[in-house]
Amino acid sequence: MSVSKKIVLVGHYGVGKSSLIRRFVQNIFSDSYQVTIGVHILKKTVPYKGEDITLVLWDIEGKENINQSRTSYLLGTSGFVFVIDPTRDTTYQNLKEELIFLEKNYPKVPVIKLVNKSDLINIEEFQKVLAIQNLEIDFFSSAKTGENVENVFMQLVSKMLGT
Amino acid sequence: MNDSEKLLHLKRLILNEDWNAAQRIFKRLDELDKELPGKMDTIVTKRLDKYTSEIPEKLGPVITQALSEEIKNSQDRVVDALFPIIGKMIKKYIQKEIAILQENINKQLRNTFSIFSFRSKSKKGTPKTIELIKSEIEQVFVIEKGSGLIIGSYTKHATVDEDMISGMLTAIKSFVEDAFQGGQQSLELIQYELYKIHIQNFSSYYIAVVISGPADDSFRSKLEDKLFDFSEQYMKGEVDKLMIANKLANFFAS
Ligand SMILES: Nc1nc2c(ncn2[C@@H]2O[C@H](COP(=O)(O)OP(=O)(O)O)[C@@H](O)[C@H]2O)c(=O)[nH]1
Ligand SMILES: [Mg+2]
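Protein chains in written order, with the numbering used here: chain A, 1 to 163; chain B, 1 to 254.
Some hints here could point you the wrong way.
Unchecked claim - Dumping the calculated DSSO-like pairs for lysine-lysine here, alpha-carbon to alpha-carbon at most 27 Å: (1) B:LYS236 to A:LYS108; (2) B:LYS241 to A:LYS49; (3) B:LYS39 to B:LYS50; (4) B:LYS241 to B:LYS226; (5) B:LYS11 to B:LYS39; (6) A:LYS44 to B:LYS11; (7) A:LYS49 to A:LYS63; (8) A:LYS159 to B:LYS145; (9) A:LYS44 to B:LYS145; (10) A:LYS44 to B:LYS156; (11) B:LYS241 to A:LYS159; (12) A:LYS108 to B:LYS241; (13) A:LYS63 to B:LYS145; (14) B:LYS222 to B:LYS236; (15) A:LYS108 to B:LYS145; (16) B:LYS145 to A:LYS104; (17) B:LYS27 to B:LYS39; (18) A:LYS43 to B:LYS241; (19) A:LYS49 to A:LYS113; (20) B:LYS247 to A:LYS43; (21) B:LYS11 to B:LYS34; (22) A:LYS159 to A:LYS96; (23) B:LYS145 to A:LYS43; (24) A:LYS43 to B:LYS11.
Rather than coming from a laboratory, the hints here were simulated on the basis of the structure.
Since this is a predicted model, take the numbers as computed values, not measurements.
Hey, can you work out the whole structure from these sequences and the hints?
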């Protein structure tokens, strides 16, 4: 008997949410951009401490701001992955406010903060940018190379299951 | 014989011819007197008939002209007066056409039925057309609201991934309910080609039933009762996915 968890990837459109899920579930990547309309659901079962955990991954359409997302898409979520694109500063301009929004509406639900498309940037340079804006980030990942993708989800699983 | 008698006699002798002629004339006059009214009648009647038959031609244009002017001057009143009449006519016509159509469909259905399943026909006698396509429960999902995670499910034939179906169902349901925020409304039925998905809401979960076939109101009403029963009996306390799956199978497999 496996445990199931709903995970939602949030962030502006084009940051790589769909690509990250595709990389994680199917281990593929495509350079062509397909806009996600509404929501797309994929799942992956991962082993965790001798148990099978089924992750039901909600890939929702990107919005300019998290508070524009359909509340109902976010309900019942066990874990969020907040994705930003380091090449477009509009995707992290309001990161603090958006994280506060999540914290307020979904208290105790863990959130992983993720800088995707790390293959396109100098990570050290970008860390300075983040430091100036006083932003804390959990991972640098790349859906293109697969860098850190697995780790992101495994970290979220361990946060969700409280260990 | 006096003088006057003698004179008369003389007159007859002399004027015999004229006298007879006069007599004939008088007689004819009498006859004409009797015949004339009849003859006149037929002539007058004939004239009248002719006149009547000419009325439309002669008076028609005049009347039409007058009417059309009258209608033009009071269009609203005319429309008001005609509307219900025309409306009723149209409705009647359509009803009749629909009845014919329906009858044709039923006829075809009966034919189809007798070709495909004459065996059950011979058992039960003439089948009702309604029974033609049976509604069947294909899948039952008990789904947690919000997360869209499966609490339990029953599937006749294992098909697509259940976790994804229940997730998508929940997403669609939320989308529709968000989009039409008309108070406390909720999505109750999804139609997809040959399938219908009956959705029944409970407080923290909902039950989705995939049905093949027509699934008319009476079928869905019975199903609704069944789901209420199920919820009352099993959806309380600690629910276990496997337990719910087993109960669903017992409840819905037939
Ligand atoms: N170079 C690079 N491109 C990426 C990466 N992730 C996504 N992309 C590209 O970014 C675009 C948007 O990605 P998508 O996953 O559709 O973004 P979403 O709108 O957040 O779902 C696509 O053209 C992807 O190919 C990455 O890690 N590196
Ligand atoms: Mg997308």
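Violated hints, by number in ascending order, as checked against the structure = Hints 5, 6, 7, 21, 24 contradicted; others consistent.
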